[in-house]
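*Asks:* Build out the structure end to end from the sequences listed, making use of the hints.
Just so you know, we're using my numbering here: the sequence shown kicks off at 1 and counts up by one.
No lab work stands behind these hints: they were computed from the structure.
C-beta: ideal position from N, C-alpha, C; glycine also.
Be a bit skeptical, because a hint or two may be false.
As the list claims (entries may be wrong) - Cut-off 30 Å, straight-line C-alpha distance, at most; resulting in silico cross-link-like pairs (DSSO-like, lysine-lysine):
#1 Lys156 with Lys130
#2 Lys138 with Lys93
#3 Lys196 with Lys100
#4 Lys164 with Lys196
#5 Lys136 with Lys93
#6 Lys196 with Lys138
#7 Lys156 with Lys100
#8 Lys196 with Lys136
#9 Lys100 with Lys164
Claimed, not checked - Pair ranges (Cβ atoms, derived):
#10 Asp53 with Ser88: 20 to 30 Å
#11 Asn132 with Phe38: 26 to 36 Å
#12 Ala129 with Lys93: 22 to 32 Å
#13 Ala114 with Thr44: 21 to 31 Å
#14 Phe155 with Glu209: 45 to 55 Å
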Amino acid sequence: MAFALPVWLAVQEELLGQGEAENGAPSCFEDFDDEALFQMFHLTRPCIAFITDAVRIRMKKVALKKPALSVDSMVMVTLNYYAHGASSAAILKGVGLTQKDCQSLVGTVSGVIAGMSDQFISFPLIREAKANVAFKVKRFCGIPNVLGVLAPAHFKIRASPYEKDTFRSFVNTLGYTSVVSQIICDSDGNILSVEKCCVGSTFEQEMWESSFKGREMEEELHGPYWVIGKIYIYMLKVNKHRNTLYT
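*Replies:* Following this line, the structure appears as C-alpha coordinates:
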(Lines of atoms letter the chains of each structure in order from A and count residues from 1; the text may use other names and numbers.)
(Lines give C-alpha, C1' and ligand atoms only; values in the text may rest on other atoms or scores of the structure.)
Protein backbone atom coordinates (compact mmCIF):
# COMPACT_ATOMS: atom_id res chain seq x y z
CA MET A 1 0.00 0.00 0.00
CA ALA A 2 1.38 3.40 -0.95
CA PHE A 3 1.19 6.25 1.55
CA ALA A 4 1.47 9.95 0.86
CA LEU A 5 4.82 11.56 1.65
CA PRO A 6 3.45 13.60 4.61
CA VAL A 7 2.40 10.37 6.30
CA TRP A 8 5.90 8.92 6.04
CA LEU A 9 7.38 12.18 7.32
CA ALA A 10 5.01 12.10 10.29
CA VAL A 11 6.01 8.53 11.08
CA GLN A 12 9.69 9.42 10.82
CA GLU A 13 9.22 12.37 13.18
CA GLU A 14 7.54 10.14 15.77
CA LEU A 15 10.32 7.58 15.54
CA LEU A 16 12.96 10.24 15.93
CA GLY A 17 11.09 11.48 18.99
CA GLN A 18 12.13 8.30 20.75
CA GLY A 19 15.74 9.42 20.65
CA GLU A 20 18.71 7.98 18.85
CA ALA A 21 19.54 5.64 21.70
CA GLU A 22 16.66 3.36 20.81
CA ASN A 23 17.16 3.39 17.04
CA GLY A 24 19.29 0.44 16.07
CA ALA A 25 19.68 -0.72 19.66
CA PRO A 26 19.31 -4.48 20.32
CA SER A 27 15.78 -5.44 21.31
CA CYS A 28 15.26 -6.84 24.80
CA PHE A 29 13.35 -9.70 23.14
CA GLU A 30 16.60 -10.93 21.63
CA ASP A 31 17.53 -12.32 25.05
CA PHE A 32 14.96 -15.11 24.50
CA ASP A 33 15.13 -17.99 22.06
CA ASP A 34 11.95 -18.77 20.11
CA GLU A 35 10.70 -21.39 22.57
CA ALA A 36 11.25 -19.21 25.64
CA LEU A 37 9.71 -16.26 23.80
CA PHE A 38 6.49 -18.18 23.20
CA GLN A 39 6.37 -19.44 26.78
CA MET A 40 6.78 -15.93 28.20
CA PHE A 41 4.52 -14.03 25.79
CA HIS A 42 2.42 -16.64 23.92
CA LEU A 43 3.39 -14.92 20.67
CA THR A 44 5.87 -15.57 17.89
CA ARG A 45 8.87 -13.34 17.24
CA PRO A 46 7.42 -11.74 14.05
CA CYS A 47 4.16 -11.00 15.86
CA ILE A 48 5.99 -9.36 18.78
CA ALA A 49 8.13 -7.31 16.37
CA PHE A 50 4.97 -6.08 14.61
CA ILE A 51 3.32 -5.06 17.89
CA THR A 52 6.46 -3.33 19.14
CA ASP A 53 6.91 -1.36 15.93
CA ALA A 54 3.25 -0.32 15.92
CA VAL A 55 3.40 0.86 19.54
CA ARG A 56 6.72 2.66 19.02
CA ILE A 57 5.21 4.78 16.26
CA ARG A 58 2.40 5.90 18.57
CA MET A 59 4.40 6.46 21.75
CA LYS A 60 6.65 9.51 21.91
CA LYS A 61 6.84 9.83 25.63
CA VAL A 62 5.43 7.96 28.61
CA ALA A 63 5.46 9.45 32.10
CA LEU A 64 6.44 6.86 34.68
CA LYS A 65 7.38 7.16 38.33
CA LYS A 66 10.59 5.32 37.53
CA PRO A 67 12.97 6.50 34.79
CA ALA A 68 11.39 6.00 31.39
CA LEU A 69 11.96 2.59 29.81
CA SER A 70 12.50 1.86 26.15
CA VAL A 71 9.36 1.05 24.17
CA ASP A 72 10.63 -2.52 23.73
CA SER A 73 10.82 -2.94 27.51
CA MET A 74 7.37 -1.47 28.07
CA VAL A 75 5.87 -3.74 25.42
CA MET A 76 7.71 -6.73 26.89
CA VAL A 77 6.24 -6.14 30.37
CA THR A 78 2.76 -5.60 28.91
CA LEU A 79 2.73 -8.67 26.66
CA ASN A 80 4.01 -10.81 29.53
CA TYR A 81 1.15 -9.49 31.66
CA TYR A 82 -1.37 -10.28 28.92
CA ALA A 83 -0.03 -13.82 28.54
CA HIS A 84 -0.11 -14.80 32.22
CA GLY A 85 -2.49 -12.41 33.98
CA ALA A 86 0.41 -11.10 36.08
CA SER A 87 3.96 -9.96 35.43
CA SER A 88 6.71 -12.54 35.83
CA ALA A 89 9.22 -11.72 38.54
CA ALA A 90 12.10 -12.31 36.12
CA ILE A 91 10.71 -9.79 33.64
CA LEU A 92 10.15 -7.13 36.29
CA LYS A 93 13.60 -7.66 37.75
CA GLY A 94 15.15 -7.36 34.30
CA VAL A 95 13.61 -3.93 33.71
CA GLY A 96 13.82 -2.74 37.33
CA LEU A 97 10.09 -2.40 38.05
CA THR A 98 7.83 -3.37 40.94
CA GLN A 99 4.36 -4.88 40.58
CA LYS A 100 2.88 -1.47 41.42
CA ASP A 101 4.90 0.22 38.67
CA CYS A 102 3.82 -2.53 36.30
CA GLN A 103 0.11 -1.75 36.68
CA SER A 104 0.61 1.84 35.54
CA LEU A 105 2.86 0.82 32.67
CA VAL A 106 0.48 -1.88 31.40
CA GLY A 107 -2.38 0.62 31.54
CA THR A 108 -0.39 3.12 29.48
CA VAL A 109 0.66 0.65 26.77
CA SER A 110 -2.82 -0.89 26.68
CA GLY A 111 -4.27 2.56 26.04
CA VAL A 112 -1.93 3.02 23.09
CA ILE A 113 -2.81 -0.40 21.65
CA ALA A 114 -6.54 0.19 22.14
CA GLY A 115 -6.19 3.50 20.32
CA MET A 116 -5.00 1.63 17.22
CA SER A 117 -7.94 -0.79 17.15
CA ASP A 118 -9.80 0.98 14.35
CA GLN A 119 -6.76 0.48 12.09
CA PHE A 120 -6.76 -3.30 12.52
CA ILE A 121 -10.36 -4.25 13.33
CA SER A 122 -13.00 -3.65 10.68
CA PHE A 123 -16.23 -5.53 9.95
CA PRO A 124 -17.24 -5.68 6.27
CA LEU A 125 -20.10 -3.22 5.76
CA ILE A 126 -20.47 -2.52 2.06
CA ARG A 127 -21.91 -5.15 -0.29
CA GLU A 128 -18.65 -5.70 -2.16
CA ALA A 129 -16.65 -6.24 1.02
CA LYS A 130 -19.17 -8.74 2.38
CA ALA A 131 -19.23 -10.65 -0.89
CA ASN A 132 -15.42 -10.80 -0.94
CA VAL A 133 -15.21 -12.18 2.63
CA ALA A 134 -17.97 -14.70 1.94
CA PHE A 135 -16.27 -15.84 -1.28
CA LYS A 136 -13.00 -16.56 0.53
CA VAL A 137 -14.77 -18.49 3.29
CA LYS A 138 -16.70 -20.57 0.76
CA ARG A 139 -13.50 -21.33 -1.13
CA PHE A 140 -11.87 -22.41 2.14
CA CYS A 141 -14.61 -24.62 3.62
CA GLY A 142 -17.46 -24.78 1.11
CA ILE A 143 -20.04 -22.99 3.30
CA PRO A 144 -21.79 -20.13 1.47
CA ASN A 145 -22.69 -16.64 2.73
CA VAL A 146 -20.37 -16.67 5.75
CA LEU A 147 -19.04 -13.34 7.01
CA GLY A 148 -16.77 -14.74 9.71
CA VAL A 149 -15.97 -17.25 12.42
CA LEU A 150 -17.15 -16.44 15.92
CA ALA A 151 -15.26 -17.58 19.03
CA PRO A 152 -14.62 -16.56 22.63
CA ALA A 153 -11.11 -15.45 23.58
CA HIS A 154 -10.16 -15.95 27.24
CA PHE A 155 -7.56 -13.71 28.87
CA LYS A 156 -6.08 -15.05 32.08
CA ILE A 157 -6.33 -12.84 35.17
CA ARG A 158 -5.59 -13.08 38.88
CA ALA A 159 -8.80 -12.96 40.96
CA SER A 160 -8.89 -12.94 44.76
CA PRO A 161 -9.99 -16.37 46.11
CA TYR A 162 -11.10 -14.66 49.34
CA GLU A 163 -14.05 -13.08 47.53
CA LYS A 164 -15.68 -16.44 46.84
CA ASP A 165 -18.70 -15.39 44.79
CA THR A 166 -16.71 -13.00 42.64
CA PHE A 167 -13.88 -15.51 42.25
CA ARG A 168 -16.22 -18.26 40.99
CA SER A 169 -17.67 -15.96 38.34
CA PHE A 170 -14.21 -15.57 36.79
CA VAL A 171 -13.50 -19.34 36.60
CA ASN A 172 -14.03 -20.56 33.03
CA THR A 173 -14.73 -24.06 31.70
CA LEU A 174 -10.98 -24.68 31.39
CA GLY A 175 -10.61 -24.23 35.14
CA TYR A 176 -8.70 -20.95 35.40
CA THR A 177 -9.78 -17.37 36.10
CA SER A 178 -10.21 -15.13 33.09
CA VAL A 179 -12.17 -12.45 31.32
CA VAL A 180 -13.59 -13.34 27.93
CA SER A 181 -14.31 -11.37 24.77
CA GLN A 182 -16.29 -12.26 21.67
CA ILE A 183 -14.13 -12.18 18.53
CA ILE A 184 -15.05 -12.61 14.87
CA CYS A 185 -12.33 -13.40 12.31
CA ASP A 186 -12.35 -14.02 8.58
CA SER A 187 -10.76 -17.03 6.85
CA ASP A 188 -7.40 -15.21 6.63
CA GLY A 189 -7.31 -14.62 10.39
CA ASN A 190 -8.08 -10.90 10.16
CA ILE A 191 -10.05 -9.67 13.19
CA LEU A 192 -13.41 -8.26 12.14
CA SER A 193 -15.01 -7.57 15.52
CA VAL A 194 -14.11 -7.58 19.22
CA GLU A 195 -16.65 -6.92 21.95
CA LYS A 196 -18.28 -8.02 25.20
CA CYS A 197 -15.53 -8.29 27.80
CA CYS A 198 -17.20 -10.47 30.44
CA VAL A 199 -16.25 -12.65 33.40
CA GLY A 200 -14.77 -15.99 32.35
CA SER A 201 -17.79 -18.11 33.28
CA THR A 202 -20.06 -16.32 30.78
CA PHE A 203 -21.61 -18.68 28.23
CA GLU A 204 -20.71 -18.04 24.60
CA GLN A 205 -24.29 -17.93 23.37
CA GLU A 206 -25.21 -15.49 26.13
CA MET A 207 -22.46 -13.16 24.90
CA TRP A 208 -23.62 -13.52 21.31
CA GLU A 209 -27.27 -12.82 22.04
CA SER A 210 -26.46 -9.64 23.97
CA SER A 211 -23.69 -8.40 21.63
CA PHE A 212 -23.92 -5.62 19.06
CA LYS A 213 -23.16 -8.03 16.21
CA GLY A 214 -25.76 -10.47 17.52
CA ARG A 215 -28.41 -7.75 17.53
CA GLU A 216 -27.37 -6.59 14.07
CA MET A 217 -27.85 -10.14 12.77
CA GLU A 218 -31.16 -10.37 14.59
CA GLU A 219 -32.31 -7.23 12.78
CA GLU A 220 -31.00 -8.58 9.43
CA LEU A 221 -28.72 -5.58 8.96
CA HIS A 222 -26.13 -7.76 7.18
CA GLY A 223 -28.52 -9.40 4.74
CA PRO A 224 -28.42 -13.14 3.98
CA TYR A 225 -25.08 -13.82 5.67
CA TRP A 226 -24.10 -16.33 8.33
CA VAL A 227 -21.72 -16.27 11.26
CA ILE A 228 -20.11 -19.58 12.13
CA GLY A 229 -19.53 -20.21 15.83
CA LYS A 230 -16.63 -22.19 17.21
CA ILE A 231 -16.67 -23.82 20.74
CA TYR A 232 -20.31 -24.72 21.63
CA ILE A 233 -20.41 -24.62 17.86
CA TYR A 234 -23.43 -23.13 16.22
CA MET A 235 -24.19 -21.64 12.87
CA LEU A 236 -26.59 -18.78 12.93
CA LYS A 237 -28.66 -17.45 10.07
CA VAL A 238 -31.25 -14.87 10.83
CA ASN A 239 -34.44 -14.67 8.82
CA LYS A 240 -38.12 -14.66 9.67
CA HIS A 241 -37.60 -17.86 11.64
CA ARG A 242 -34.40 -17.88 13.68
CA ASN A 243 -32.42 -21.04 13.00
CA THR A 244 -29.65 -22.13 15.35
CA LEU A 245 -27.75 -25.33 14.67
CA TYR A 246 -25.67 -27.00 17.42
CA THR A 247 -23.09 -29.69 16.73
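*Asks:* All hints, please: hold or fail.
*Replies:* Now for the hints, and whether the structure bears them out:
no., hint, in the structure
1, Lys156 with Lys130, "33 Å, violated"
2, Lys138 with Lys93, "50 Å, violated"
3, Lys196 with Lys100, "27 Å, holds"
4, Lys164 with Lys196, "23 Å, holds"
5, Lys136 with Lys93, "47 Å, violated"
6, Lys196 with Lys138, "28 Å, holds"
7, Lys156 with Lys100, "19 Å, holds"
8, Lys196 with Lys136, "27 Å, holds"
9, Lys100 with Lys164, "24 Å, holds"
10, Asp53 with Ser88: 20 to 30 Å, "23 Å, holds"
11, Asn132 with Phe38: 26 to 36 Å, "33 Å, holds"
12, Ala129 with Lys93: 22 to 32 Å, "48 Å, violated"
13, Ala114 with Thr44: 21 to 31 Å, "22 Å, holds"
14, Phe155 with Glu209: 45 to 55 Å, "21 Å, violated"
The structure does not agree with the numbered hints 1, 2, 5, 12, 14 stated previously, though it agrees with the rest.
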